[in-house]
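Residue-level listing of the chains:
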Amino acid sequence: ETGVTQTPRHLVMGMTNKKSLKCEQHLGHNAMYWYKQSAKKPLELMFVYSLEERVENNSVPSRFSPECPNSSHLFLHLHTLQPEDSALYLCASSAGGGLDTQYFGPGTRLTVL
Amino acid sequence: QQQVKQSPQSLIVQKGGIPIINCAYENTAFDYFPWYQQFPGKGPALLIAIRPDVSEKKEGRFTISFNKSAKQFSLHIMDSQPGDSATYFCAAKRGSSYKLIFGSGTRLLVRP
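Residue numbers (my numbering), protein chains in the order written: chain A, 810 to 922; chain B, 368 to 479.
None of these hints come from the bench; they were simulated from the model. Do not rely on the hints blindly, as some may be mistaken.
Unchecked claim - Counterexamples of contact, computed for chain A against chain B with all Cβ distances above 10 Å:
hint, residue
1, 828
2, 833
3, 867
4, 874
5, 882
6, 889
7, 892
8, 903
9, 911
As the list claims (entries may be wrong) - Below are the SDA-like pairs computed for lysine to any residue, each with C-alpha atoms no more than 25 Å apart in a straight line:
hint, chain 1, residue 1, chain 2, residue 2
10, A, 850, A, 891
11, B, 372, B, 426
12, B, 435, B, 396
13, B, 435, B, 420
14, B, 409, A, 920
15, B, 466, A, 915
16, B, 424, A, 908
17, A, 850, B, 414
18, B, 372, A, 868
19, A, 849, B, 407
20, A, 850, A, 819
21, A, 850, A, 920
22, B, 438, A, 907
23, B, 466, A, 860
24, A, 850, B, 376
25, B, 409, A, 825
26, A, 831, A, 889
27, B, 438, A, 908
28, B, 409, A, 915
29, A, 828, A, 814
30, A, 850, B, 398
31, B, 372, B, 479
32, B, 425, B, 441
33, B, 424, B, 414
34, A, 831, A, 892
Unchecked claim - Some chain B residues close to chain A (C-beta under 8 Å, calculated; not the full set):
hint, residue
35, 409
36, 462
37, 466
C-beta: ideal position from N, C-alpha, C; glycine also.
Working from the sequences, and respecting the hints, build out all of it.
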């Protein structure tokens with residue numbers, strides 16, 4: 810595997826379910842990100858981790874819970890989601906902050922029924 | 368202050384044409400302006416980026432023009448090809464920050 814991988818690629822869940830999205834980066838980077846991409850809206854940064862410490866948390870509802878057990882893995886735990894949470898969830902990584910390029914995974918298409 | 372406004376929302380050009388996508392920002396603390404390209408089913412990928420100390424940057428057929436006083440920047444695609452059909456996002460950030468602020472995207476279609 811190369812680059813940034815995400816599983817699953819598609820997920821359908823009910824509002825009472827609990828599920829997790831997984832991201833893995835094979836680039837030796839220190840920073841990892843979760844973004845939400847909705848139709849006709851800008852990508853929204855949700856969380857940033859640097860060296861497994863959260864450095865950004867952009868007023869995301871508590872029904873989204875991130876976890877970064879090491880610098881190569883990032884999870885997004887989901888519970889009691891709403892239909893408006895349906896979107897493409899993108900993971901990215903970068904060597905650090907600053908001018909370092911963010912490399913994106915292919916995303917998980919989430920549908921909340 | 369944190370927004371990046373992008374236009375147009377969609378764009379159709381013939382092969383060989385020069386599509387131009389424009390972005391404007393408010394926050395004068397921004398000092399890094401990348402453009403990302405996204406194909407269906409893929410995540411965005413960095414295309415080209417510029418810092419405000421230069422007014423233009425070229426990489427292959429892609430050129431960024433930057434107007435610091437107007438707080439605007441644009442992407443030009445020379446000799447566009449059907450393979451350039453994708454969604455393009457501008458973005459901005461302060462160099463020290465992790466946070467990229469994205470525009471809303473432009474869906475480009477290049478007809479053969």
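Hints violated by the structure (numbers, ascending): When the structure is compared with the hints, numbers 3, 8, 9, 25 and 31 turn out to be violated.
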